[in-house]
Amino acid sequence: MNINDTRISDRPITSDLFKPNLAKRYNLDRVFAFFAWGATTIAVAILAWLLITILIDGIGTLNWNFIDSFASRKAERAGIKAALAGTLWVMGVVAVFSFPLGVGAGIFLEEFSEDNWFTRLVEINISNLAGVPSIIYGLLGLAAFVRILGPITGGRSVLAGGLTLVLLILPVIIVSTREALRTVPDGIRAAGFALGATRWQVIWNHILPAAMPGILTGMILSLSRAIGETAPLLAIGAASFIAFTPNGLQSSFTALPIQIYDWVGRPKKEFHDLAASGIIVLMTVLLLMNAGAIYLRNRFQQTR
Amino acid sequence: MTQTAGAMTAHKIAFQAEKLSVSYGSTMAVKDVFLDIPQNQIVAFIGPSGCGKSTVLRCFNRMNDLIPSAKVEGRITFKGQDIYDKRVDAVELRRRVGMVFQRPNPFPKSIYQNIAFGARINGYQGDMDELVERSLRDAALWDEVKDKLKASGLSLSGGQQQRLCIARAIAIEPEVILMDEPCSALDPISTLRVEELMQELKQKYTIVIVTHNMQQASRTSDYTAFYNAKATDQGGKMGYLVEYDRTEVIFQQPAQQSTQEYVSGRFG
Ligand SMILES: Nc1ncnc2c1ncn2[C@@H]1O[C@H](COP(=O)(O)OP(=O)(O)O)[C@@H](O)[C@H]1O
Ligand SMILES: [Mg+2]
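Chains as they are written, first to last, in this note's numbering: chain A, 2 to 305; chain B, 12 to 279.
Just so you know, the hints here were simulated from the structure itself, not pulled from any lab data. Be careful, since some hints might not be right.
Non-contacting residues of chain B with respect to chain A, defined by C-beta distances greater than 10 Å in every case (computed) [what the hints assert, rightly or not]:
id, residue
1, His22
2, Lys23
3, Gln50
4, Leu77
5, Asn133
6, Ser168
7, Gly276
Cut-off 20 Å, straight-line C-alpha distance, at most; resulting in silico cross-link-like pairs (SDA-like, lysine to any residue) [as the list claims (entries may be wrong)]:
id, chain 1, residue 1, chain 2, residue 2
8, B, Lys97, A, Thr199
9, B, Lys213, B, Tyr123
10, B, Lys120, A, Thr184
11, B, Lys161, A, Gln302
12, B, Lys120, B, Arg131
13, B, Lys120, A, Arg298
14, B, Lys248, B, Ser37
15, B, Lys120, A, His207
16, B, Lys120, A, Ile189
17, B, Lys161, A, Pro210
18, B, Lys161, B, Glu186
19, B, Lys157, B, Tyr123
20, A, Lys75, A, Arg298
21, B, Lys159, B, Glu144
Residues from chain B shown here face chain A by an in silico Cβ test under 8 Å; the list is partial [stated by the list, open to error]:
id, residue
22, Asn72
23, Val99
24, Gly109
25, Pro119
26, Ile132
27, Tyr135
28, Ala151
29, Arg204
30, Leu208
31, Lys213
32, Lys215
Positions of the beta carbon are idealized from the N, C-alpha and C atoms, including for glycine.
If we strip away everything but chain B, and leave its shape as in the complex, we get (with noise of 0.2 Å):
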């Protein structure tokens, strides 16, 4: 039921997911998850809402750790090194696996500060004014605010300020970013620069996004996974991996009907 994608042994290995499960408080969220995610690859989540993809998603950068009610049970590596081995510090995981939320939260501040942020807590040596041009531009965002870089970055559109939330990421040069439905609040033309974005960063990252788009997990990714939940016997639902390929056989050839009916937007 929840294998591992065969062609994926092309590929080096970013996180590979062993019986993970998470449960909040006595319930279950997601159960049993196996699943390998390459480097420099894009790889989606779709399914239907609550069935724990984002749950699965704040594993790997320990974003769970911040909700006291939240349990994960389960092995995860990055790079060969379990992540929730006590000798890891989540905070030095976190530099290193970037986030991008559903909702724009740029700080309160300016763009030269939202950017500059994260590279001076994390110690940065370098020019602070060259990192926030590069990270704008490889977020596709300089030339529209490079006379603004003082303009609070709430004054900024819900496209722009997306995207300034992937250049804060990315400034701080981490190895994975994980998007959560980066583009659920923006417009059409939005949506399609942060995808033709996600192709380019592609290049330097490992890419793991959650969408609710269909059109947007087949364009964009390598890899889709594909959960769903079920009822339990304690009337609560508990999310689980159905299937997990590349995205072609996915959308093409599922394994299994539920995939088949869900890409197809028969249900969910």
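Next comes chain A alone, as it looks inside the complex (with noise of 0.2 Å):
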């Protein structure tokens, strides 16, 4: 001990081997703060150029009668009450059958499953399969959902649609889902386990709960993604003319991106605009359920 402290009090104070070099270290402060402030407004000018266009090419013909009218083939007519219902449908489709089975297998491939080569199998499969292009699921659906399934969807209906787009985010909520019970610190999970709690109680009490927040960003995400697919609806064939909303979960639909793209295609500048329109109308659901699953996601981390 002695010995030590001699040998450090020995020491020069002050070494010359240290060059702190704060103006240089400084600098490059400054640079990397540039490159990411520059990063940041390239992304929301390009964002910010996008919705001015839109809102100026679609602002003229958004009214109440573009909302409540059916499509058309005179511009001046024409509406997307059918496409905006539609959409409304499948996406309460979405929603009721994506979560429970997401966030089902998130928490069994997390929390259940053991290490062995059959769950290490579904778990390279899962975080495989979100990385497929969307048409591939739009050929699934119209095999599995229309063909085989068709008696019970009825066809190129809301519920084979909002199935289609199911098994597109699925892989999305089941990782996220996972990431978001990884975070929860095992701390709690002893807790819960010391107390006499079954896995089940210290799941649905206490990981569930801390892992909510995680789990619905991954749901509005998956959401966000869902709302604008177009090509796994044309793929099962959902229609883009059609003149009535739905009735239930076999009636046939259309969807906002379809209607869109229809519009889009069109020669008519008329169209056009109204396909502006629409994209105000789909970016306007898009963030009142964003909206509502943020406010879900503020309530369950003010409960912590």
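Put the complex together from the two separate chains, hints included.
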């Protein structure tokens, strides 16, 4: 002990081996801050430009008549009633099915399953499925929900469309659920078990509430993706010219992205403006949906 | 080498470990422990890090079941019943053998809910408000939190959180409380409060505490078990119980040289 002390105090107090070089470090700081600021600005500017052009094009034709009318060959009479209703129906189906399935599968894989070759295989597959192009899911949906399960789904129906989108977003929900569950400290699990709780009691009372904000974030991202998907709905053959709102799960339907896609593809400028109005409506629905999910998420965060 | 304390026969025995060995995967963490835990006494586990104190402690409420690679061999009885017997339910055992962890780990819920949860899942039929108050009083926390039972358990200081965890553990009326370095994350004043608390809890409960603090072991415990680790042929370390006796004996005239060196602070 004493020997060490002498050695330290014998050393010169200042050493010229350290070169703090503050000026250079602060410069690097500034350069990095500039790049980060630049990246943010470019992203926001592009988004703003998109929004503004859409608003300029679409705001003129956006009125109650537009919301409350069905599709029409005449641009001045055309509206998105059927597409808006279709999207709401489909998203309802997506939310109702994807939440319990995705979260349930995430809980099983993270909390219940043992680590063996089978669960590892399932895990690898789920991660890969998240990257499969959406048109492939459309073809799967066409084969599975429209053809094989046609008698139950009613063919090219709200249910078939919704379930196809559920398949599309399930991998993302499962992966994000697992991530959220993983962030819950193990101390909470240990505390629950040490009080004589069963595994389900620990998960239901402690793990899930703590993970819920993260799970809902994954849900928001997934639903946002689903609501804008066009390709899989086209693949299962959702119609674009429909003059009624769905009246049930087996009803045929159209959806906002399909309607917008249809209008954009027409030669007349008037329809392009209608497409812009449709995009505004789609974005509004998206924002409302996310606002709802964020509200729920904040409620969960407050109770911590 | 692993003798049982002589005066132990004076007390009823809560736990009896016979030739207890625990391995994680293929590495043996602690081997051949023989140990009796007397009822209504405080038993301290001391020893250098990694010699298996926590591992042995986790055997008493079968928390090792939750670690897939852990394998427990030997026999542990609790009041005569083999707790690793197939007929013994780990969930029921854990109600009778509570645990307080090294890091305070209150649930991210209200103080009230932290206490009520254990009672609720274990089918408590009585008055919940009364139970919450009694448990908090027993854990010497009531006066500090009685006006904010709805506040989050996480809003408390570290020392208060640890007493909340103790309150939560005693709310379900266990017979034993296992404490794994309960004071290592606490300041000296909170530590003293927890130690005082242990003396009071001793009237009702059997306590086993792991501690790195020699003074704490000698101040609070009736019996002390000293663990150490030795190098194995495979190049790893393996824990074993060196000596177990009344705390005065361990601290004043231990039978083993290594115990003497450890308690006087000369190694570890
Ligand atoms: N969950 C675990 N998985 C694998 N090895 C573990 C685990 N917990 C403890 N060990 C190992 O068992 C040995 C004893 O650990 P532990 O019981 O925590 O010691 P102590 O509490 O005395 O410091 C150590 O070598 C440690 O690395
Ligand atoms: Mg330990």
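Status of each hint after checking the structure:
1. His22: At roughly 25 Å from the nearest Cβ of chain A, His22 of chain B sits farther out than 10 Å, so the non-interface label holds.
2. Lys23: holds, 23 Å
3. Gln50: holds, 20 Å
4. Leu77: violated, 6 Å
5. Asn133: About 6 Å separates Asn133 of chain B from the closest Cβ of chain A, which leaves it inside 10 Å; violated.
6. Ser168: At roughly 17 Å from the nearest Cβ of chain A, Ser168 of chain B sits farther out than 10 Å, so the non-interface label holds.
7. Gly276: holds, 13 Å
8. B:Lys97 - A:Thr199: Holds, at roughly 17 Å.
9. B:Lys213 - B:Tyr123: violated, 24 Å
10. B:Lys120 - A:Thr184: holds, 17 Å
11. B:Lys161 - A:Gln302: At roughly 15 Å apart (the allowed maximum being 20 Å), Gln302 of chain A and Lys161 of chain B satisfy the hint.
12. B:Lys120 - B:Arg131: holds, 15 Å
13. B:Lys120 - A:Arg298: holds, 16 Å
14. B:Lys248 - B:Ser37: Since the Cα atoms of Lys248 of chain B and Ser37 of chain B sit roughly 12 Å apart, the hinted pair holds (cutoff 20 Å).
15. B:Lys120 - A:His207: holds, 9 Å
16. B:Lys120 - A:Ile189: holds, 11 Å
17. B:Lys161 - A:Pro210: holds, 17 Å
18. B:Lys161 - B:Glu186: violated, 28 Å
19. B:Lys157 - B:Tyr123: holds, 10 Å
20. A:Lys75 - A:Arg298: violated, 44 Å
21. B:Lys159 - B:Glu144: Status holds; Cα separation ~12 Å.
22. Asn72: Cβ of Asn72 of chain B sits 7 Å from chain A, so the hint holds.
23. Val99: With Cβ-Cβ at 13 Å, over 8 Å, it is violated.
24. Gly109: holds, 7 Å
25. Pro119: holds, 4 Å
26. Ile132: Holds: closest Cβ of chain A sits about 5 Å from Ile132 of chain B, inside 8 Å.
27. Tyr135: Violated, because the Cβ-Cβ distance from Tyr135 of chain B to chain A comes to roughly 11 Å (cut-off 8 Å).
28. Ala151: violated, 20 Å
29. Arg204: Violated. Min distance 21 Å.
30. Leu208: Violated. Min distance 18 Å.
31. Lys213: With Cβ-Cβ at 20 Å, over 8 Å, it is violated.
32. Lys215: violated, 18 Å
Hints 4, 5, 9, 18, 20, 23, 27, 28, 29, 30, 31, 32 from the list above are not met by this structure, while the remaining hints are.
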